[in-house]
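J.: Quick mapping for you: the protein sequence lines, in order, are chains A and B. Take 1 as the starting number for the first sequence in this note's numbering and just add one per residue. Take 1 as the starting number for the second sequence in this note's numbering and just add one per residue.
Rather than coming from a laboratory, the hints here were simulated on the basis of the structure. We put the beta carbon where it would ideally sit given N, CA and C, even for glycine. Among the hints, erroneous ones may be present.
[What the hints assert, rightly or not] Here are some chain A residues pointing at chain B (derived, C-beta under 8 Å):
hint, residue
1, Q9
2, L12
3, E45
4, Q46
5, G47
6, V48
[Said to hold, decoys possible] Restraint-style ranges between C-beta atoms, simulated for each label pair:
hint, chain 1, residue 1, chain 2, residue 2, range
7, B, R199, A, P234, 19 to 25 Å
8, B, S242, A, S214, 35 to 41 Å
9, A, I10, B, A149, 34 to 40 Å
10, A, S214, B, A110, 52 to 58 Å
11, A, E56, B, A13, 36 to 42 Å
12, A, T6, B, K29, 21 to 27 Å
13, B, K32, A, D128, 35 to 41 Å
14, A, T6, B, A13, 27 to 33 Å
15, B, R199, A, E56, 18 to 24 Å
16, B, I19, A, D128, 54 to 60 Å
17, B, R199, A, S214, 32 to 38 Å
18, A, E56, B, K18, 26 to 32 Å
19, A, I10, B, D162, 40 to 46 Å
One letter stands for each residue in the lines below.
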Amino acid sequence: MRAAFTEDQIMLRDTVRDTLAAECTPAAVRASWEQPSAFWPLLAEQGVLALTASEELGGLGMGALDWVLVLEEAGRVALPEPLIEHIAAVELLAESGEAEWVERLASGEARVTVFQSGGYAVSADTADAVIRLGDTGAELLTEFTTVRHAAADGSRPLFTVDGAGAPLSGDADAALDRAILATAAQLLGLGNQVLDLAVEYSKARRQFGKPIGSFQAVQHHLVDALLKLKFAAPVVHRAAHSVATNDPQRALHVSMAKIYASEAASLACRKSLQVHGAIGYTFEYDLHLWMKRVWALSEAWGNPAWHRNRAASSLFGA
Amino acid sequence: MNIGVCAKISPHADARIKIKSDGSGVDTKGEKLVVGDYDEYAVEEAIRTKEAHKGAVTAFTVGATSDEKLVRSGALALGVDKAVLISDDAAVNAGPLGTAKLLAAAIKEAGCEIVFTGKAATDDGNSQVSAMIAELLGWAQVSQVTKFAIEGTSFTATRAMDAGVLQIVSGSLPVVITCEDGLNDPRYPKLPDIMKAKRKPLSKIGAGDLGLADVAATSSESNFAPPPPRPASRIIEGDAASAAQELVRLLREEAKVI
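Working from the sequences, and respecting the hints, build out all of it.
T.: Below, the structure is given as structure tokens:
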């Protein structure tokens with residue numbers, strides 16, 4: 001078995017990386033704290049929103065192994081759009097026979113967000129519909145009210161949603177696992193970006209007449225973060241394979257991916273902050289934009305404790 | 001309309017340029033390579049011309065065999081219909097004139113009526129090949145174009161001259177249009193088009209296929225060196241008024257920039 005991404009998958013990743021690097025700048029992420037972001041038309045134009053819809057419904061018919069790298073790139077730039085929720089929603093709606101919704105989502109004409117019952121819905125204020133994932137399945141809410149709540153990451157607005165929904169017949173557990181995997185992938189991208197920021201800073205910041213990156217104590221911090229991220233990546237990619245193939249141990253693998261990615265990204269944030277020193281604590285410096293997204297996503301779609309329990313249940317029984 | 005566009009694969013504009021240890025040129029190993037910045041404008045304008053006037057666009061590249069992937073992602077995925085990659089040893093070692101001979105021969109063979117090029121390559125910035133192509137083909141050339149339109153077999157191009165002066169040039173096809181920053185806003189490739197680009201025709205040929213025997217560089221390049229390191233910053237002491245006066249004096253007398 002050849003466990004590697006294909007040339008096409010790498011090319012898709014690189015294309016999205018180049019586009020987002022040019023458009024989703026730190027200044028744009030910062031601006032999204034104050035006003036709604038405007039990347040959805042770009043994502044639609046480039047075909048990112050159509051990745052998982054079937055070709056008959058205007059999509060590319062791609063699976064988790066295709067989009068996991070794209071989601072990593074979305075994380076790398078802290079894309080302030082509910083792409084995780086979009087990825088979770090499209091296949092669920094398709095499985096439920098909601099072809100019109102799928103077409104509208106794939107083209108970018110409509111936006112849907114997804115949340116776990118009792119939790120927060122991201123960007124519900126700009127959504128045309130909301131999907132609520134509960135213990136007994138999923139519901140589609142087309143008429144709903146929202147209340148905004150304070151959030152650590154100002155570019156990821158959180159809402160509680162109220163309203164009556166219509167049941168969806170698709171696999172809600174699979175939708176949940178897609179959301180978890182997409183979150184893990186974004187955390188991986190975020191972690192790599194905060195580490196890159198620290199490495200660049202360590203080359204530029206000089207102390208005692210030389211760059212601080214030349215000091216072993218600083219190098220150790222950076223290497224610790226890099227190792228954690230390198231070990232997390234194959235766990236996330238393994239989970240993508242399990243989601244793509246509907247592996248019987250899919251839930252275990254995505255939970256492990258979320259644990260590894262959360263811990264790696266969180267460590268990268270701590271190390272990056274340490275290397276940056278005082279400037280890393282300032283609002284004006286960009287580091288906090290990524291760190292706050294890591295904090296938010298580490299708690300989203302199940303925190304590490306919830307996923308450890310889920311993994312343990314999967315391994316040892318409830 | 002049969003449209004041509006020349007696209008050179010060069011290091012990304014953000015690449016950290018390294019010099020080969022013997023000073024014979026730029027070491028591109030490990031650098032991200034892309035269709036050059038100005039050539040991106042040329043590709044975009046070629047595609048827009050096709051969209052406005054029908055026809056097909058052919059991209060022409062002189063480069064390494066490994067440039068195929070980059071031509072596909074940087075030209076075919078955007079809407080160029082086919083590509084010609086001239087990539088034998090003779091082509092790789094051709095200088096500006098040799099490169100122009102190869103491109104002109106390929107353009108002539110393809111029967112293009114108009115060719116777009118960037119105003120300069122991102123790597124060497126020679127700005128020679130476009131004019132040479134026009135000369136070899138016996139066509140007109142308009143350089144540094146920031147606005148372009150075709151009507152029938154006539155064209156109107158706006159040139160950005162020095163000091164902000166614009167010049168409007170009109171003429172008849174065929175013509176080589178050399179594209180300047182600001183001509184257009186290059187599009188991003190769409191993910192479905194990236195997949196389709198793999199199936200678009202790309203022919204790899206050599207100098208011999210174009211009937212050209214000698215395209216070797218007629219000049220040589222040597223003693224490449226990085227720019228000298230920037231001197232340390234200076235902090236001007238004193239109150240705002242005297243510091244401003246001193247800053248102006250330094251800019252005028254030492255930096256000689258005002």
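J.: Could you tell me which of the hints above the structure violates, numbers in ascending order?
T.: 1, 7, 17, 18
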